[in-house]
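Chain order of the listed sequences is R and H.
Position in the first sequence (first residue = 1) + 121 = the working numbering.
Position in the second sequence (first residue = 1) + 84 = the working numbering.
No lab work stands behind these hints, which were simulated from the structure alone.
A quick note: this is a predicted structure, and the numbers were derived from the prediction, not measured.
Where a beta carbon is used, it is the ideal one built from N, C-alpha and C, also for glycine.
A hint or two may mislead.
Stated by the list, open to error - A few chain R residues that face chain H, going by a derived Cβ cut-off under 8 Å, partial list only:
hint : residue
1    : Leu148
2    : Phe258
3    : Gly293
4    : Asn368
The residues making up each chain are set out below.
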Amino acid sequence: MPQIEERKGIGRTVAIVLLVVFTVIYLFPLFYVVNTSFRPWAQIKEYPPKLMFEPSIGSYIRIFTARTGFPPNDQPTQAEVEEMEWYERIVYKGTNEQIVRMGDLPKRYMNSLVIVLLSTGITIILGTLAAYGFSRFKVKGKDDWLFFILSTRMIPPVVVVIPVFLLYRNIGLNDTHIGLILLYTAFNVSFAVWVMKGFLDEIPIEYEEAAMVDGYSRFEAFRKIVLPQAVTGIAATAVFCFIFAWNEYAFAFLLTRNTAQTVPAWLPYQMGVLGYDWGAAAAGSVLFLIPAMVFTILLRKHLVRGISFGAVRK
Amino acid sequence: MNSTKNLNTVNFNPMRDVNLVRWFVMPTIILLIAINIFPLLWSLILSFTQYSAKMRTEWGVNPEAIGVGNYLRLLGDPDIWTKFITTGKYVIMSVGGEMVLGFGLALLLQTKFKGRELISTLLVLPMTMSPVIVGLMWKLFMDPNWGMFNYVLGLGRIDWAQNPDINLYSIVIVDIWMWTPFVMLLSMAGLSAVPKSLYEAAEVDRASWWSKFINITLPTCYPLLLIALIFRVMEAFKIFDLPMGFVGRGTSAPPLLATQLYTETFLTWKTSYGAALGYIMLIIIIAITSVLIKYLNQAKQ
């Protein structure tokens, strides 16, 4: 448990008030985006901006759909409007458009999920194995290897991306899921090795030794004795890898165009017929931010350890 | 304990383990060499040639080698110094702000109260969001025509994102907003490690709050603050996604090194020139971090 210096009297009250006020101001931009995502179309570009209005899910419908305007000489009649599905009516009453097909968001979101989940899975398998190797075996030049692994993470993505772009172009991996999965795995595995090694170092070696005396092979001991005890560590590391890959922009932006494009590479650049649709962008941002936020809250206890690459253990 | 050790030497053939360790470690090393080291070497070779990715060279076709030409051109370009200075200013302002604010918040959070856990969790949220989406969010928030930022502060119609005179500072504000929690979390870990007995001893000596802060709190937190500083400087130096989300690809983007590298390589297709710039960035990052790591190692002793 962290030790907290007991603050008393007026100092305590001032500290609490400052913290609460600061937190409210601090989270206001976040609130504003959620607020904007529920704003009716007509009020998005209104000045002065209002925080209170009749909430509408129009923006969420627009981010999920592709639309065109009704031609001026073919506006729907009153009866036709009555006939519309509820989501069509919301769009019509907002932007005076008709839905032509499903938009790009579902596909981009699926791309993000598939790429990030697969790469996280592979990262965890490779990272846990390597971390176990470094934690339990005598490896020649162990510190140098570990430093080498860490240093690959320091390279700015924009530096690596030039030759990766050329390499991928030659072997046909540009704009493919596999291309991004490989990159994200390589990008995260160094992190996974460092953090997992910390978790594994904390598991007493005696259990495995006892198991191996009982006739377990090294790999069986790893699988049946170490892994069950490392589950928390593995889960925490996996969640971190998920967040890093989920948020990644540079590789996704420069190496994908369409087939394998992920949400961060796409959301800032989707223009509708009516210009950049801020309501839809806010709705898309909210949908995109939710997974990472939920994970952050679940991760609370391990956050410090993760962000310091395992350097700080509580 | 002793008996396990004896069993250990009897039962485990060290040679078998040496062979086994490869299976654990090698897949990771191979992946890193293929995806990180190989491209990096390729990039190094490219930086000594005249090559544009538009020249669709196939395998084995070598672009013309021009030695250190790209590097000389880069360092002779008066604009490059503007880029270095802009990036340096950016790193100092944003990381400086984050260190002060983050440590300050951690000090305030040294108060026991209901909701302390909730507040620290809420404050951490911006840090785990995607920087490009954070940039986009703040672009909306700071919009000159309908954004809430100008309106609440009564600032009129300042164009924070597109005005090239001020958008560097706007990005600094967003960066500070996003990464202050990072410093705060590490500072909180540092503060929780300060032994209570030290404060109690200082209490007996009737030391002032300030002298306790200078003599006890700061020195104990110093290593963790340095770790925070190292991570933040590294990240801020190569900042790319935040300005891309906030300003976009336009010409009004502030001349930061990473965005510049993107422009040279992917918009004007001066690939080998971009590779040389990338290498200069890499060398600077390595230099700065090794100095900071040296301080960290001194502090740990």
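Verification of the supplied hints:
Hint status for R/Leu148 relative to chain H: holds, with the closest Cβ pair at about 6 Å, below 8 Å. At its closest, the beta carbon of R/Phe258 sits 4 Å from a beta carbon of chain H; the interface hint therefore holds under the 8 Å criterion. Interface hint status for R/Gly293: violated, as the beta-carbon distance to the closest one in chain H is roughly 13 Å, over 8 Å. Interface hint at R/Asn368: satisfied, since its Cβ lies 4 Å from the closest Cβ of chain H, which is below the 8 Å cut-off.
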